[in-house]
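Peer 1: Residues per chain, in single letters:
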Amino acid sequence: MKLQEYQSKQIFAKYNIPIPKGRIAATATEARAIAQEHGSRVVIKAQVLVGGRGKAGGIRLAKNADEAEELATQILAMDIKGLPVRKVLVDEAANIEREIYLGITNDRTARKPVMMSSAAGGVDIEEVAHTSPEKIIKSYIDPLLGMRDYQARDIAAGIDLPREHWRTFGQIARGLWQAYTSCDATLAEINPLVITSDNHLLALDGKMVLDDNALFLHPDLAEMRDLDVEAPSEIEARKYGLSFIKLDGNIGCMVNGAGLAMTTMDIIKLFGGEPANFLDIGGGASSDKVAAALRIILADRNVKAVLFNVFGGITRCDEVARGILDALKEVKTNIPMVVRLVGTNAEEGRQILANANMITAITLADAARKAVAVSKGGLIE
Amino acid sequence: MSILISHKTRLLVQGITGNEGLFHTQAMVSSGTNVVAGVTPGKGGEWVLGGKIPVFDSVKIAVDATGANTSIIFVPAHFAVDAIFEACDAGIPLIVCITEGIPVQAMMRVRSYLDQKHTRLVGPNCPGLLTPGESKVGIIPGDIAIPGNIGVVSRSGTLTYEVLYALAQTGMGVSTCVGIGGDPINGTSFLDALALFEEDPHTEKVVLIGEIGGSDEERAAEFIASHMSKPVVAFIAGQTAPPGKRMGHAGAIVEGGSGLAADKIRALQSVGVKVATHPEEIPSLL
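For the protein sequence lines, the chains are L and H, in the order given. Okay, so the first sequence: first residue is 1 according to my numbering, each after it adds one. Okay, so the second sequence: first residue is 1001 according to my numbering, each after it adds one.
Mixed in with the good hints, there may be bad ones.
Claimed, not checked - Cut-off 30 Å, straight-line C-alpha distance, at most; resulting in silico cross-link-like pairs (DSSO-like, lysine-lysine): (1) K138(L) to K1245(H); (2) K112(L) to K1245(H); (3) K2(L) to K239(L); (4) K269(L) to K1117(H); (5) K112(L) to K87(L); (6) K289(L) to K1117(H); (7) K2(L) to K1245(H); (8) K1117(H) to K87(L); (9) K1117(H) to K138(L); (10) K81(L) to K1245(H).
What the hints assert, rightly or not - For the chain H half of the interface with chain L, some residues (derived, Cβ under 8 Å), not all of them: (11) K1008; (12) R1010; (13) Q1105; (14) L1114; (15) T1158; (16) Y1161; (17) E1162; (18) G1214; (19) T1240; (20) G1244; (21) A1262; (22) R1266; (23) L1285.
These are computed hints drawn from the structure, not numbers from a lab. The structure displayed is predicted, hence computed values, not measured ones. Yeah, the Cβ is synthetic: ideal placement off N, Cα and C, and Gly gets one too.
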């Protein structure tokens, strides 16, 4: 789960990372009032969970309160990469001498957290990693020991930070480590961390991504979830404990297990079709969960066919079959459906669906071929 | 006939009195596994499965009483990390963690700790281990695979069942199936499992089932090129997965252009691994 810039910076401030004076505004009038309080130049920053806000015109400098109101009006009316701007952050503007990158993330290969820094701040760090990886200084952190102060000094030296800033940089690095661990983040980054013209270090922008698996430990953070970034069908699916991701194709998929769900999407594509979604109903799914899943799939108007692929283990095929019938009682549809049931109670499941006018298949390949054919208006013998 | 588990396995079930723990203990016993003990703190002294399996309050007490040498964990994510540490500190050399949803930072601490001990962890978020006809430490349906000489290693659950089923349909049997799990940080990697299969005299060929996210498959490809004499056939799930989205498994995500299925397939093919276009194609490539 991604946090907005202002939320990330609030967490940074809690751990003694210096951030610009600023507040969040939902209207242009509020933005004006905040600018007036600051009594200086301010930056109006769109709060949306996508990269490239600046290029899209979502970050603008205002010389005074009038201008702040005007720019906030414009930005609050924007959509950036399809996401509506509902809030702006109004920060006191800083005079920037130099921009640095500082971040902590999980390194899957090393199986440890890694602190990364670059003298080339303010730009996309992934791009720096591709074009000039030597400009990124890394230090791996033992998760049992935590970040040690020498690691921050090594990094400061590595990016040629003037010695006078090492102490503050160490404090910021330690704060970032605390923010990262205390929130169970998978990423905590300051980009840019700037040296101002009056020689202070300041975290101008912040980004945190939290581990979805750890949100049960942090109910306060879980509440910060921004529903704008998710399709309504994905929000609905989460209510039922379904793992659902909407795609652009026209063949709805209902599968048990994430790996098999991906494979089902892949095989549809392999045989010339386009999957409409990723959907894992999970292990041991009950019939009402299956019914909810089918409703969500059929609510997508692009869907021209549905493919059920269930490999019964803990999940029982007869239970899935009952769920399908229950959902079809509520949602009347002419959309053709292909069913493949294998494993635990598959035969019982097939019998339950015998009168439901569905196309059956034994192998996965056969099921995919049939689903692709009917999605294109073809007929199956 | 196997790696990691065999008829010598003396299994302890952590979380044996829970619904899942009890259900799968029964299934493991039916698959031939010697389940010697269960652990549920506060329920020591009870017996389960009609009085056949004793329950203990701690792993240490259970190990002392029964000589258990392998543990399987069914406890919820909240308590699973502690359960792993407990089994490790009781000296159990092989721990299989089925639990899904363990926070990744907690798993990094677990890994860091286990790396200093002589304990192997399989999982978390995995279906466990199956040596058909002999032993099962996990939740893989025991009847979908037949004994044989093919080693299977996979990051997935039901997709693995699909492959085992496809192999059995064509009369091909399995030495051991290892589900390493779908989390970004796990105990046993592809590389670890491949090394064990290479050493196992009863495994002649290996099937590797990977998916998007991370670079474990790429490192497996390097290992295959430099260390493996046995043929490997692979399948990689998630070619059509959109970037930046977590596809069910915590570890199945394409981030910043890395972890792509296409890169993994290319890496494996470049070292001579045949990569199936779909699971049912695997038997013909063996």
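Peer 1: Next, verify each hint and record whether it holds.
Peer 2: Against the structure, the hints come out as follows:
| no. | hint | verdict |
| --- | --- | --- |
| 1 | K138(L) to K1245(H) | holds, 26 Å |
| 2 | K112(L) to K1245(H) | holds, 22 Å |
| 3 | K2(L) to K239(L) | holds, 19 Å |
| 4 | K269(L) to K1117(H) | violated, 45 Å |
| 5 | K112(L) to K87(L) | violated, 35 Å |
| 6 | K289(L) to K1117(H) | violated, 42 Å |
| 7 | K2(L) to K1245(H) | holds, 12 Å |
| 8 | K1117(H) to K87(L) | violated, 50 Å |
| 9 | K1117(H) to K138(L) | holds, 27 Å |
| 10 | K81(L) to K1245(H) | holds, 16 Å |
| 11 | K1008 | violated, 26 Å |
| 12 | R1010 | violated, 25 Å |
| 13 | Q1105 | holds, 5 Å |
| 14 | L1114 | violated, 10 Å |
| 15 | T1158 | holds, 3 Å |
| 16 | Y1161 | holds, 5 Å |
| 17 | E1162 | holds, 6 Å |
| 18 | G1214 | holds, 5 Å |
| 19 | T1240 | holds, 5 Å |
| 20 | G1244 | violated, 10 Å |
| 21 | A1262 | violated, 12 Å |
| 22 | R1266 | violated, 16 Å |
| 23 | L1285 | violated, 14 Å |
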